Each structure stands twice: as structure tokens, then as C-alpha cells.
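Note that the working numbering has the sequence shown beginning at 1, numbered continuously upward.
Hints were generated in silico from the structure; no laboratory data involved. Here the structure is a predicted model, which is why all the values come from computation and not from measurement. Quick reminder that beta carbons are idealized off the backbone N, C-alpha and C, glycines included. Do not rely on the hints blindly, as some may be mistaken.
Here are the computed lysine-lysine pairs in the DSSO-like style, where the Cα-Cα straight-line distance is at most 27 Å [unchecked claim]:
id, residue 1, residue 2
1, Lys56, Lys91
2, Lys92, Lys38
3, Lys48, Lys68
Pair by pair, the computed Cβ-Cβ distance ranges are [what the hints assert, rightly or not]:
id, residue 1, residue 2, range
4, Glu21, Ser102, 23 to 31 Å
5, Phe30, Asp60, 30 to 38 Å
6, His108, Gly85, 31 to 39 Å
7, Arg34, Glu73, 45 to 53 Å
8, Gly35, Leu59, 35 to 43 Å
9, Ser102, Gly36, 15 to 23 Å
10, Leu26, Glu73, 23 to 31 Å
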Amino acid sequence: ISPGYNKTETDAESLLIQAVENCRPLLQLFSIKRGGVKYHVPIPLTNKKSYFLAMKWLLDASREKDRKDSLPEKLAWEILYAAHGHGRVIKKWEELSRQCESNRAYAHYRWS
């Protein structure tokens, strides 16, 4: 943990908003079967669904930690990491973005 994380000068609401905005997915992969082959098709998410997924990922990441801290403390650390562009949630967002980018060629299957 960096020394800069110990003293945060921003309020909690703006920190939470920044964390959710940083890890909010814009696309989701959807499996579709064509000709016996499964394709992962990226589809855009609604704002409501993307905010829901970002908050769900934050909660899931804080539950996965096996330290002896309480859930609110682990959640606070995950929010802090996500607001600064680090942590498990950001890695999950980057992985989903990378998968959507690699499956971009199958986007035309969305309309069939």
C-alpha cells in the first residue's frame, strides 16, 4: 500500500462516484450459436445495467479478499483502489474490454 492512500482529501461520495465510473463496463459479451459454433458477441449495456455491474464487481471483489478485516473496510479499500485506477475490479474491467475488442468481428451476429 502506497503512503498516498492513507490520507485522502476528497469526500466519500465523489470517491465512490469516481470508482464506479472507472470500472463501469460499456459492453458485455453474449454467446450466440451459429452453424454449430458459439460466438461471443459484444453488446452495449444500458446505463442502469453498467452501473449495477460496476457496483456488483466492487462488492464481489471485497468479499473475495481473505484478510481479517471487516466487509466495510475491505469495500472501502476496493473503492479507493478503483478510484485511483488499480485493484481487482479494474483488472476485471480491463479483461472484459480486451475480450470485447477481440470479439469485435462478430458484432454483426447481434442483429441476426
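Cβ separation of Glu21 and Ser102, checked against the hinted range 23 to 31 Å: holds, 24 Å
30 to 38 Å as the expected CB spacing between Asp60 and Phe30, which holds or is violated: violated, 20 Å
Ser102 versus Gly36 beta-carbon gap, inside 15 to 23 Å or not: Cβ of Ser102 to Cβ of Gly36: about 21 Å, so the range 15 to 23 Å holds.
Agreement of Lys48 and Lys68 with the hint, judged by alpha carbon distance not exceeding 27 Å: Violated, at roughly 33 Å.
Pairwise beta carbon distance, Leu26 to Glu73, judged against the given window 23 to 31 Å: holds, 30 Å
Assessment of proposed distance window 45 to 53 Å (beta carbons of Arg34, Glu73): holds, 47 Å
27 Å Cα cutoff - pair Lys92, Lys38: holds, 22 Å
Cβ distance range 31 to 39 Å for His108 and Gly85, holds or violated: holds, 33 Å
Verdict for Gly35, Leu59 (Cβ pair) under range 35 to 43 Å: holds, 39 Å
Restraint check for Lys56 with Lys91, where alpha carbons must lie at most 27 Å apart: Given pair Lys56, Lys91 holds - Cα atoms ~14 Å apart, limit 27 Å.
When the structure is compared with the earlier hints, violations turn up for hints 3 and 5 and for no others.
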